[in-house]
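**Q** Chain order of the listed sequences is A and B. Start counting the first sequence at 1; every next residue gets the next number (my numbering). Start counting the second sequence at 1001; every next residue gets the next number (my numbering).
In case anyone wonders, no lab produced these hints; they're calculated from the structure. Take the hints with a grain of salt, since some may be wrong.
Straight-line Cα separation of at most 25 Å, SDA-like style, residue types lysine to any residue; simulated pairs [unchecked claim]:
{"hint": "1", "chain 1": "A", "residue 1": "K136", "chain 2": "B", "residue 2": "M1391"}
{"hint": "2", "chain 1": "B", "residue 1": "K1421", "chain 2": "A", "residue 2": "D157"}
{"hint": "3", "chain 1": "A", "residue 1": "K327", "chain 2": "B", "residue 2": "K1321"}
{"hint": "4", "chain 1": "A", "residue 1": "K124", "chain 2": "B", "residue 2": "G1484"}
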Amino acid sequence: MSEEKDQLDSIKESFESEFDRFSGLLKDGFKGMKLTAAEKLSKELSDFRVKHTGKKSPISGAMKLIGKVAPEKRADFGKSVQGIRSKIEGRIDEAESSLNRYIESSKTESERIDVTLPGRRHQKGHLHPMTILRQKIEDIFVSMGYAIEDDREIETDYYNFDALNIPKDHPARDSKDTFYTTDGLALRSQTSTVQIRAMERRGAPIRIIAPGRVYRRDTPDQTHTPMFHQIEGLCVDKDITMAHLKGTVSEWLRRMYGRETKTRFRPSYFPFTEPSAEFDFSCFKCSGTGEFEGDKCGTCRGSGWIELGGCGMVHPNVLEGCGIDHKVYSGFAFGFGLERMCALMYNLDDIRLMFENDVRFLRQFY
Amino acid sequence: MLISYKWLNELVSTGLDAEELSEKLTLIGLEIDGIHAKDDDTIFDIEVTSNRGDCLSHLGVARELSAALAKPINIPEIPSDSPSETSRVVIEDPKDCYRFTARIIEGVKVGPSPDWLVRKLDAVGERSINNIADITNYVMHELGQPMHAFDLDKLKEQRIVVRKARKGESIKTLDEEDRKLDVSVLAICDAESPVAVAGVMGGLDSGVTEETKNVLLEVACFDRDSIRSTSSRLNLSTEASYRFERGVDIEGVVRASNRAASLIAELTNGTLTEFSDVYPKRHKPVSISAPDLAAEFERLSGIALSIEKIDGSLEGLGIHKDSDGAYRIPSWRHDMSIPEDLVEEAARMHGYEKIGEELPRASSAGEYHSLEPRKRRLREVLASNGFDEAMSYSFVDAQKAGAFAKVKAMGAENEREVRIKDPIIEGADLMRPSLVSGLIDAVQTNFNHKALDLSLFEIGKAFATDDAGAPPLERELLGFVITGREAHANTALRGREMDFFDLKGAIETAGDSLGTPALVFRAAEIEHLQKGQSAEILLNGQPVGSAGKLSAEIANTYKFKQPVYIAELDLTAILETDETAATYSPLDVFPSITRDISLVVSDEVSLDQILRTVSGGGFKNLDSVSYVDTYSGKGMESGERSITIRIEYRSGARTLTDDEVDMAHEDVRNTLKSKLNAALR
Ligand SMILES: [Zn+2]
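Taking the hints into account, I'd like the entire structure generated from these sequences.
**A** Right, dumping it as structure tokens:
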């Protein structure tokens, strides 16, 4: 009997001595072990398991002896063998799961990335600042019940001047101010031409916004280009007054620049409106104070006001010319230059940049 | 126009400081362009609108303030000598000269002006010359009436003839320029020759000098257009011409003459003698009938104001209601003819700031331009695909633009370009027939700044006209240009070099965003594109554009050192095509079997041909065919390439067997072999 016991002791002992190399590492949590070494160790551990728990292992040999032991001792012996076996397996399991955990975490560690590296994508493109501004203005007016209109850029004198009540001797008609084609047609000098065509087509009542290119014989400089964009607004209906003009322009500018924006209307002169006015709005940079960060505000040159455009009540001659009875209907119109507004918005010092297509410029807007 | 704060307050005591006055002027329509201090005075630079010639003087501005502030105007004491018509002055051209007065002042002593006069002129930016010239300037700034003093003894026969210049006549003007006059120029002449350019500038030889003893003072009124055209013809704009062009007060001529003559006599110890006035056609005052001006006022301004108040503010401006109820417009106003003008005046005096703010009551729903939603989608899609939006002038250089083919859909065969008369930018003499030359200029601009990787698009109008004399066609085009390498966000590393297929991909993306049926590319020769790398683009079988590599010839003229790919499409034509609508087909029930074929074909055989041969061959159970890849180079003969395609077989009724697919596939292979002379690998 002691013979069997000795045998079990020796199984235990040889396991312990051979497991020693694992238990040491286990105790340290495999500290500092390379992933490859750990994977090698894992392989060794699995060989070790076969050696100590496989069919040919000493403990399996001891299992086979159970039947041969005297019946009265068989139960005790069996219990001992089972005990040793589960102990061995438990130790190996523990080592294995610990090692696997170590391997998993080493792998995770090796896949660590710098999440601040850039995302993978195409460089994005940019819309032209004039497009961005035009769309914004169109959105506002569409929500206020206006239809967006567009029409010819090359016009007859009738649409460019006569229909707009511009007198025959007005300097604007001079080829010093207006471009003409060799066929004698005018490049429209204001988008008001669209008003005329729209009124002819749609009659009254009408509410339209007409953005578009216009042409004037200005030599290019920082604030002038011979081609630029205007936006024209027109509202003709029964009982339209200057109060509606002021209300509409002011509401639009408040939606552009914030609810606190104030507007100012000054008497002025345009052949196609009577009464006529120019409109200013309170400077968005200095909130109309004329001072910015202790200095004279550069955007409004210290006045607190930014001049934007012209407006007025549509001249009776213009309405009548479009077949609208000016005794029944009245209306207002307004217009302004988009480049100027764009330059103010982005603090541009030279509007010629708008048409040079320099990507260093284009890529600043979105 | 410069206005002195102090001088103005002599004419109307405003009771306002300079800043308040500036604000007030602005609000009644006299825009302040600038303000500066001068000694103990403040000078306003006022921008007067072109219809308000009557405001181009201290009196004119004072009149406005007097009405707006309801303060009396203090006009200086002016003698009221009456002139009469004499033979000294003859107007030969009454169409251009409405009135001419000549005052003779004898025994003058020309000398420096007194201090008060020098200072007043200095305030409004005028240099003192001598006491006579200074008074003429002074009265112009005071009353708005330009005038000119001649040395009477230098005028041949001491008389004046107002007439058009004769052929070959010329004059040396006060600025010492010799000026040739043509027959359209109105001249003030003596018995023989021109002594002044009417309304613009006097002559040097007939001018007042220190030796002058006797003076003829001209105060006249000319036709506005005549003066404008002379000034523009001679390229000479003066304080006088500026005022005459905008209109002076014809009924104020005599008073202005009396004012100047009496001051001259006083300062020079001269004696006033003969006073001639030739006034062929008397001014007829404008009268506006407005039976219910209060209603009209409310209708336009939205403000209910009593007729007494309205009439009161008009009175202040010199507009009086006649006994018959019509409003009589003063002779200095040239800008009033209809009741709306009266409304404007009353509203201006009442103050635009007192008009309320209201939104018109809602009527119809707003709407974008019918094509705008699709264009917006197009712009957004292109921008998110890395394209920057370009915007170029509508003018181009005809010489440069001539090198580029136009989009074919632009119109009839006999269409021609729209040319501009007298362009302002050198070389910008043509309304662009295409966007291409603008985009190429954009490439050049960017290359100059060492920006080599570019993807640009532009949406804009192009112009053409046909011989029928109808107004030009204006069509919206869509242009693309790409060059260099792919640009990736956040890295300085440049990507793959872009080629034709990047351009084609962008065009296809554009087509998708517009919802068009597929755009078809067909090899074609295009004037400005490299042969063999150029295509015509078709929509529903109609040509709508072109795409390809910029020809070496053009690239060389621009000194481009890298390939540039350019495309242009007729956006108007594309947008006139209906959007395709999605349709649902039932999901496949039975699995498909796919087979690849690699075939070696001559370069002349296009992928399109191969795909059409397969898809149009009526093969059994053929579901779809798609492109896999192309190979040429190592192992291939020159002039041929290998193309791999993938064919999917499927039945809607059952699962196919390998055997039936093999049979069909063999048919496909044989057809490709025989029809396209393809070798199968
Ligand atoms: Zn400001």
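**Q** Which constraints among the numbered hints does this structure fail? Numbers only, ascending.
**A** No hint contradicted; all consistent.
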